[in-house]
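Trainee: Sequence:
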Amino acid sequence: MKTYLRLLSFAKPIGQFAIPYIFTTLLAVVFGTLNFALLIPLLQALFSEDTIHQVAAKPEFHMSFTYFKDLFYYYFYHSKAVYGIYGSLKFVSLIIVCSAFLSNLFKYLSQRFMEDLRVHTMQNLRVSVFNNVMNMNVGYFNNERKGDIISKVSSDVQVVQFTVTSTLQVIFRDPLQLIAFFIFMFTISVKLTLFSILVVPVSGLIISALVKRLKKQALNLQSSYSNMISFLDEALSGIKIINAFNAIPYIKNKFKAENDYYSKVNYSMIRRQQLASPISEFLGIVTVAGILLYGGYMITNGQSGLTAAQFIGYIATFSQVTRPAKSISEAFTYINQGLAAGERVLELIDTKPQIVDKPTAVSAGIFTNKIEIKNVDFAYAERTVLNKVSFDINKGETVALVGPSGSGKTTICDLLPRFYDVKEGNIIFDGADIRDLKLDSIRSQIGLVPQESVLFNDSIFNNIAFGKPNTTLEEVMEAAKIANAHNFIMETENGYQTNIGDRGSKLSGGQRQRLCIARAVLSNPPIMLLDEATSALDTESEKLVQDALNRLMQNRTSLVIAHRLSTIQNADKIIVLDRGQVIEQGSHSELLAKEGLYHKLINMQSFNTEA
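For the sequence shown, the UniProt record's numbering puts the final residue at 611, and the numbers step up evenly by one.
Derived from the structure by calculation, the hints contain no laboratory data.
One or more of the hints may lead you astray.
As the list claims (entries may be wrong) - Derived DSS-like pairs: lysine-lysine, alpha-carbon spacing no greater than 25 Å straight-line:
hint, residue 1, residue 2
1, 543, 573
2, 573, 594
3, 573, 600
4, 370, 423
5, 2, 216
6, 12, 352
7, 468, 481
8, 388, 573
9, 374, 358
10, 423, 374
11, 254, 146
12, 438, 374
13, 468, 506
14, 12, 107
15, 573, 374
All values reported here derive from a predicted model rather than from experimental measurement.
Work the whole structure out from these sequences, hints included.
Mentor: Right under this line is the structure:
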């Protein structure tokens, strides 16, 4: 129930939908019950001269069920006395038609209000889930499978939409309809109704036993589905490698195994769900047969006080009791699946980002002095990556990070915009610890060009203007020219409006990198983080990209991760890292003179180039 109520909290303001829904549902139930109540006078008009309910004078108005009942019978017998049986038939038929029209009208309106509530609730839920995912720190995504997140945002929310919220209709409307039917049946015969009411608890006990394991199965089902989505995402992303290693049969078999498990759990759930409806319907029919026998015995022995018309009307009314009872039983089978999906969604919403602004955080001013990295320690889980790292980045300097793979270069770049927080030590931004500054104010002053181009399935214009919605075409073109990208853009089919495909698949590696540089140029940040973008390019592309990078770094403070050491020989300062520690720092000439690790790395690359 706690999960269900939390999901309903996303329906706020719920009164906007719930109040008209309750009002229209009440009217639909009243007129729906009236349709069957009118069967009795209809049968009396056709087959009986009984005047047991005849009212001699028109009753005075007072708000009660008895008044409306007496008013109806007054007009019924008045029309029968004046116009005969056929006249009373016309009167009752007109009332039935009007009642049926109003019943279905209010039923339609109540369903519309409920659908509005459902869509509104799921809209809020999806936005909340997506917003929370976007607020997560980068480290969260290293520990979670992307497919599992996608499954929760899409599939699980969809399951919640068509189970938990839809059952609101059943939970309110159908019990109300059942109560109305039983009140009417009690007015006809208390004994018969007490006998027939036994079907409800018996049916409930049987169905509760059926659905006992549904929630656990639903959790397994959603987990298996998220595994398939994760596997599909990985297969599509790595399709070249899969083909290159002739791994298609292996991938097919792996997907088939997961799909078989998903289908097995799904079959088991469906079998249990589908048993609920026929069981409740069968019990209803058994009860109707019992009522026929018991009621027939009472009538033939003169014990009931029932007329034939009342008894037939009673049977017709009870036959409709199975419909809301069946809906309720079906709702209980499906709600477990919805709650299981809801728990997964709420788990994602409840996951709090590890890196957030402090309540006392202030906005950082425009960068004017230096960034100080003081005795910084960092570890991924139990694996230490940085150990007592210290160096400064002065305004206007180009600082290069070099060292063997795994020495901690990329980690330092990730710490500056607070993708992660240091474990020990401090990063000082113009005299203030970055943990005391607002995230947005720090990141707005840092531009990033990663080694792997990150582009979106959109136009060239929108990729360059990413995050700046009011950018003009002239501004984008100027940034592209600085990044050596304008010429190749104009050669594409639609120029700046050309779609570049998934992750920029329609472009070459050098073209993708130049778009990323143009994006960084347009943002015009005072600080640049460059995970050298030329390491995987051919010679011609490398020259164009390196030229663009040089333009980008002009008059900016830059921190460069260098893979090709020849590109950073003019850096103001070179930091040499090994196993998470700073072992050397200085200019290119100073480090060569020391003949340490930097000198060794230079010689190794020179040897490889000559070879």
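Trainee: Could you work out which of the previously given hints the structure breaks and list their numbers from low to high?
Mentor: Nothing - there is no hint that the structure violates, so all of them hold.
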